[in-house]
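With the hints as a guide, bring the two chains together.
Protein chains in written order, with this note's numbering: chain E, 1 to 355; chain W, 1 to 263.
Among the hints, erroneous ones may be present.
Said to hold, decoys possible - Chain E regions said to be covered by chain W (calculated; three or more residues, Cβ under 8 Å):
hint : segment
1    : 68 to 79
2    : 93 to 106
Stated by the list, open to error - Pairwise CB distance ranges, derived in the manner of DEER restraints:
hint : chain 1 : residue 1 : chain 2 : residue 2 : range
3    : E       : Leu327    : W       : Phe160    : 45 to 55 Å
4    : W       : Gln69     : E       : Glu21     : 57 to 67 Å
5    : E       : Ala167    : W       : Phe160    : 48 to 58 Å
6    : W       : Glu95     : E       : Arg70     : 13 to 23 Å
7    : W       : Glu95     : E       : His193    : 34 to 44 Å
8    : W       : Val105    : E       : Glu120    : 45 to 55 Å
9    : W       : Arg5      : E       : Asp166    : 48 to 58 Å
Since the hints were derived computationally from the structure, they do not count as laboratory data. Quick reminder that beta carbons are idealized off the backbone N, C-alpha and C, glycines included.
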Amino acid sequence: MTQPLALQAVSAHYGTTKVLEDLSLSVQAGELVSLLGASGCGKTTTLRLIAGFLTPTTGSIQLGGRDLTRLPTHRRDIGLVFQNYALFPHLSVLDNVAFGLKQRGIGPAERRKRAVAMLERVGLAVLADRAPGALSGGQKQRVALARALVIEPPLLMFDEPLSNLDAKLRVDMRVEIRQLQRSNGTTSVYVTHDQEEAFSISDRVAIMNAGRLMQFDRPEVLYRRPANTFVARFVGFENIIPFKVVARDGDRVTAETAGMILRLSQAAYGAIPDSFLLATRPDGLVVSTDPMAEGLSAQLGLRTYLGRAYQYQCDTQAGHLVANGSLTTPLEAGTSVKLVPMPEQCTILPADGAR
Amino acid sequence: MMSDRPHFLLIVVAALVYLFLMLPLVIVVGAALSDTTYLTFPPQGLSLRWFENIFEISAFRRTIITSLQIALLGTLIALLIGIPAAYALNRFRVELPKWLGTLFVLPILVPEIVFGFALLKSFTVGTGAPIFLSLLIGHTLIVLPYVVRVISASLASFDFSIEEAAISLGSAPVKTFFTIVLPNVRAGVIAAFILAFITSLNDVSVSLFLTGPGISTLPIQILAHVEQFFDPTVASVSVLLMFLTVAVMAVVERTLGLTFLAK
Ligand SMILES: Nc1ncnc2c1ncn2[C@@H]1O[C@H](COP(=O)(O)OP(=O)(O)OP(=O)(O)O)[C@@H](O)[C@H]1O
Ligand SMILES: [Mg+2]
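Chain W with its partners taken away, still in its complex shape (with noise of 0.2 Å):
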């Protein structure tokens, strides 16, 4: 007979991968409140003086600011780009022809750092853009194919007669798509943009080429940190920008609701 309980194995082994999980992130938050000038696990004495130490670095200062704005700007551009075009593959699936959906996939199957180089070449050495306008490019077009996947997954499931009948009790066909099908689809839209705006944050390989004098993100100042120095502000910069990550799925959270991870 199977017991409603799980098996206490079960429980072992549930317990055992969520610590393999957690690990890096104990060892890094215990490396940034070590006492020490090094990095080391487990932390000697107790500090906060390398958290102090970020801000202490204008660099630092700098990029996270520069990381947020473009996380933050390429997501809302991706979900503008996104969300109409993930409707439309949708909505006229039997009158598109199939190759476009893929098409919105090709930057994940490139790559990142061929992608990243290709755009350097291409586009900020040809026309000469500013370095935060490439940033703002290579980082939209990184996170689009997470937008259109996650926003295509939550419409696959939508039944689009239910548009069809707020039009036919008189909405015209744009508001429908506000006042219906958006709500229907908000655990999605928040996935993506979450999604996005963690795979803009944290990327290095196409910010690596698109960086330049004076503007640069935040992963890759941590490696110019790390290539210099070995004292812990790189772990304490990691629990920042954690802490950054947790903070905006709050305010998302707050304003939006997070209630797809509850579905």
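So here's chain E without its partners, still in its complex pose (with noise of 0.2 Å):
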């Protein structure tokens, strides 16, 4: 039932606009995969070519074994589940559910066994006679669940579904929708743009910018090992500090910025490059008030309290910085400080301007 889908070289537009381009992604079977980018990155425009309501100008489409590119939507057997739930006004709660299957044509007492079996499972039996217009939010979106899951595609997607819940739902329910994916082991594309919400419930997630995609891996590594500023910049790595190599010695290497000398280790973060970016969270940055430090200088500026601690705003000749200080000593704007670096907390990027 299970099958693998895969992107190639796929491009896309809306009249002369491209949104998407050469995108290349696969999915594997029973994977549970998230795209994730702000606002405009053409994350929809991919679900609706996967989905068959786009056509792409170039690129092809699989799933399974079968070419997707050019086979009409209602021949692609891909359960959608919307972020406005979309559920048909004019169908109670239960022939919501068995409309997939009415389509496929099953007889009316399996197709009533099958929906009711598939409401127990997202714990809405009871509300099977119910309109959607008399439903709340998420018991929609369990009906827009169950409706998409009963017809047991290969193939399941989700775009922004929990977007239109409270906070507290959208936890619940992401938790809810990755047990029923595991269980059913479906193949899946989930689109979001809450970063936590991505990494907490995707084998892996494809970080989109602009139409391309920008890295695609587990979230773990995504987290802790961006491989371009753009993701770096978008899981936290606030920080970014050009460093050159002044000297290296077997695996261990030597670099400078703005008076600062950076030991680092080669077996801790892969090949250095001559230049490269040192990415920090504005937590990897130990702020110092001991002037024989070996650290950046920095000025503070402005003191924001972050609850677990104080954020300061730093200017540095290496740049606009920002680091977080401890609670048990506020410091004054103006104070000069050293910025130290945590090296289990630094990652390493490419200066070559790689987006």
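Spelled out as structure tokens, the structure:
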């Protein structure tokens, strides 16, 4: 039942504007992959291409052994869950769920049996005879989920299914979606612009920007080892500091920026090029008042309170940086300090301006 | 503090408005029931003889049939053209040029009397088409804008992702239109039907030019009758027309459900 999905060098246009460029993406059988990115980066467009509501200008789409590229939507056999639920207002909850089965020529008794069983799995069997208009947002989305799952599609796709729900329900529902997806083993593509949501439920996440794929990997890798400055900033590496290598000694590399010397081990970061960017989150820079500390000289600017720490805007010769300092000793604006990077919280990016 | 009951002044004003709206109906019905040989209100004596008189005049019998035929056929044709047009205009609103929507409203902007005359000159005289056909085309064209507008309004609040959901579940696009889209704009279709039917049934200005020897519509026949006689037949025909309209609405309600009034 479960099948792999592959997009090969797919491009898409709306009129003359290019919205997707050479997008290649492969989703393994049974895997849940999220498309993550800012508004307008082309996530929905990608989904609509896979669903067949839009035809790619170049490239191909494969599901299992089938070439979907020119297949009309109603023969693609894909389960879709929409942001605004898209339930059929004139049909009961049960008939909504049974709709796909009816299209597959399944008789009324069997249809009913399967739809009820599916509604039981999402905990809504008691509401089978209700009209969709008389359901809460969470219930509607469960019905939509049941409707998409009951046809046992080889591929399930979600377009921001939780963004109309409140925060608490969002978290509950995403766990529920993940559990259903796992137990069915359905290959899934999940669109969201919520990083936490994407990271928490996905096997792998594709980070997109302006119609291109920026990085496609497991959440743990994206979070700790972004491949470029775009992804780094996206996952919270706010400080990106350019360095130049001044000496190499086997595995050990010595690099310098604005008077600060940094020693790194290639064993930890992989091969380090002669000029590179060091990226850290605000937590990865220690604010030190010791003038002898080995770090970047900085002037503290605005201080904000985060609850777990104070955050400082800092001016340095290597540019504007953000660091978190301890709660015990709040420092005043204008204080001269040293910012000491903690190597285990840093990552290395190529310097070549690759976004 | 606001109370839930409407202010008594509001009730009085509403009652006056209703009275004002109902007054012509009362007068017409009253005049139709009068026993006199001339049109008068309040009625003097009560009788149904002017209703019987309608059916004794063959011109009335024929024009009532013609009017009903034209109104029904014209409305159905306008729906056949208007529903797909309204669907396309809404479904592909982004892709289609803006003026296309305006195109369907244009007939409303042209004074009907000019439109009727133009149709007579260009079509009936030009091609020598039968009068019934000319009437049918004229009426279809004047009701089409209403059909497109009313159904568009209904489709404007239709979420097309519902249609996409159905297609993704395996329902072919054309089938989806009938099983998913149409049931959800049923209210608009019914409203369009009634509006178009009544507009056609009551039309004078376009029919004035297109009627000809042997074939006329009821409103035109009423005009012709009033020119010669001043008896209450016109009033009773008007009442009959009102009842016909109500009957059509009732039939439409029975068959399709007049839920749009409640929504
Ligand atoms: N019908 C359309 N015609 C023209 N341009 C479009 C159309 N639909 C989307 N676009 C453009 O294509 C780009 C990608 O849109 P898309 O809907 O895929 O973004 P998205 O990543 O889903 O964003 P969001 O998070 O806001 O849903 C956007 O720049 C958008 O303006
Ligand atoms: Mg989107």
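- Can you let me know if the beta-carbon spacing of Val105 (chain W) and Glu120 (chain E) is within 45 to 55 Å? holds, 51 Å
Just tell me: holds or violated, for the beta carbon distance of Arg5 (chain W) and Asp166 (chain E) against 48 to 58 Å?
Since the Cβ atoms of Arg5 (chain W) and Asp166 (chain E) sit about 37 Å apart, the hinted range of 48 to 58 Å is violated.
Range first: 34 to 44 Å. Now tell me if the beta carbons of Glu95 (chain W) and His193 (chain E) are that far apart. Given a distance of about 26 Å, which is not inside 34 to 44 Å, the answer is violated.
Taking 45 to 55 Å as the stated bounds, is the beta-carbon spacing between Leu327 (chain E) and Phe160 (chain W) within them? holds, 53 Å
That 57 to 67 Å hint for Gln69 (chain W) and Glu21 (chain E) (C-beta), does it hold up?
holds, 60 Å
Quick check: does the Cβ-Cβ distance between Glu95 (chain W) and Arg70 (chain E) fall within 13 to 23 Å?
With Cβ atoms ~21 Å apart, the hint holds.
With a Cβ-Cβ cutoff of 8 Å, does the segment 93 to 106 of chain E contain at least three residues near chain W? Holds, because 4 residues of the segment 93 to 106 of chain E bring their Cβ atoms closer than 8 Å to Cβ atoms of chain W.
* To do: Check whether three or more residues of the segment 68 to 79 of chain E sit with their beta carbon closer than 8 Å to a beta carbon of chain W.
  => holds (count 8)
Outcome for the supplied range 48 to 58 Å, where the beta carbon pair is Ala167 (chain E) and Phe160 (chain W): Violated, since Ala167 (chain E) and Phe160 (chain W) (Cβ atoms, about 29 Å apart) do not stay within the stated range.
When held up to the earlier numbered hints, the structure conflicts with 5, 7, 9 and fits the remainder.
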